[in-house]
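Novice: Here is what each chain is made of, one letter per residue.
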Amino acid sequence: MTDVDQQVRDAFAKVCAPESVKSTTLAFIESKRKSESSLSNLEQEPVVSKRGHRVVAARRIRFAVPIAACMLLVVLCFGGATAYCTPAAYVDIDVNPSLELSVNCFGVVVSARGLNEEGCEIVDEVDLTHCSYTTAIDRLAESQALSSYVTEDAMVDVVVSARNSKQADRLERESETGFSKIPCQTACSRADRQTHESAHACGMSMGRYEIAQQLVEADDSLSMDECSAMSMRELRDLAAAQGLSYSEEQEKAAGNGHEAGNGHGEGNGHGHGARGEHSGQK
Amino acid sequence: MRESRDIEKTMQRHADEVWRVCVLCFHTHADAQDAFQDTFLKYALADDVVFEGDEHRKAWLIRVASNVCKDMLKAAARRTVALDNSRSQSIPAPVDPLTQPASFESEVVNVMRSLDDPPRTPLYLSICEGYTAPEIATMVDAPVNTVYSWLARGKRQLREALR
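Taken in sequence, the protein lines are chains P and D.
Residues in the first sequence are numbered from 14 upward in steps of one, following the numbering used here.
Residues in the second sequence are numbered from 1446 upward in steps of one, following the numbering used here.
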């Protein structure tokens, strides 16, 4: 949270509903209740038809059950459709093409969007949606569109933000496996929801945002806009040159390979960053 | 209509959040109070709405408060009475702390009020209530990417105003 955010929070934390407002409101609502109750007494007079018989409500009951069943079906279909369309996790992939895949609880990519111009071009060229996450990553790794960016000295930064830690584990593993086909270094890690929101408010991927924040804090001459234009390799090299703790953690992680024994052992340095420790979701 | 106990309990838990939304939109205590009252009246009358939990109830109240404030502002703009917006802004808030506490008129609160809406309400929901952009998108009925843009723009404007 920035200083400005904190200032706003502090200012509004002091704004509390006065007791007089609350008590006046409650009294107002009770007066409405009384006037409604006297109106409803008048409305309850029995309605008498021209033939002198009371209007029966039985007709309404006859149709109530099938109508309720139809509504339940609609709700179930809607619920299923909603679950399909709702992202349960976000995966930000950044080389300098920067893009985000939204994954639902079934592991299907429901949307893909570019976070910068190059990312948008890739998303336009490669079909990444309405397929499993594994398929989407395979397509991306094998695509012509990405190949020109993933040279041997490049770096692919993958950051997962998910409410469910099992899903986050799975997405990280699938990312590492999928990107093992490309020649450059890959780093996978996690971030929490707050980081996801802050990063996107700045128009950046989560990985880029985290490094950029640290760089900008350490170096006044650097701006977030300048960081948004650099490649991930450039950002990490800059972080290493600044001696930032983030980069040291990454170097250690790169040397250790995967905790789960998924490392490739080919010196490609796939690792989990310090952000992996921030896996607690809100 | 909901039971009195239900309304009182809800007011105990969420009066401050609703009040803050009203304060965000109005310069005068009286207008904020009207909006607060209307919001809780709508809550009292919406006895057919079943909430999944307290967070759902809170989000519903905030959304309704925001809509009530917008409707009141639109109605005020449409009125042909001579009291236009510029005039209402120039009326100084009363200094009586019972009717216009200092917190109602703090510099930061005034800066937030001075922002256009959007991004004012989405920014408030993000910073003060901790809602994510997808949650805000549902509350204000807008696409998620639009909310991201609003938040980025709002934070930029806020930073410049508070410099």
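Since the hints were made in silico from the structure, they are not lab data.
Being a predicted model, the structure only gives us computed values, none of them experimental.
Do not rely on the hints blindly, as some may be mistaken.
[Unchecked claim] Dumping the calculated DSBU-like pairs for lysine-lysine here, alpha-carbon to alpha-carbon at most 30 Å: (1) K179/P / K194/P; (2) K45/P / K1515/D; (3) K194/P / K1515/D; (4) K1503/D / K1487/D.
Novice: Going through the earlier hints one by one, which of them does the structure break, listed in rising order?
Specialist: As far as the earlier hints go, only 3 is violated by this structure.
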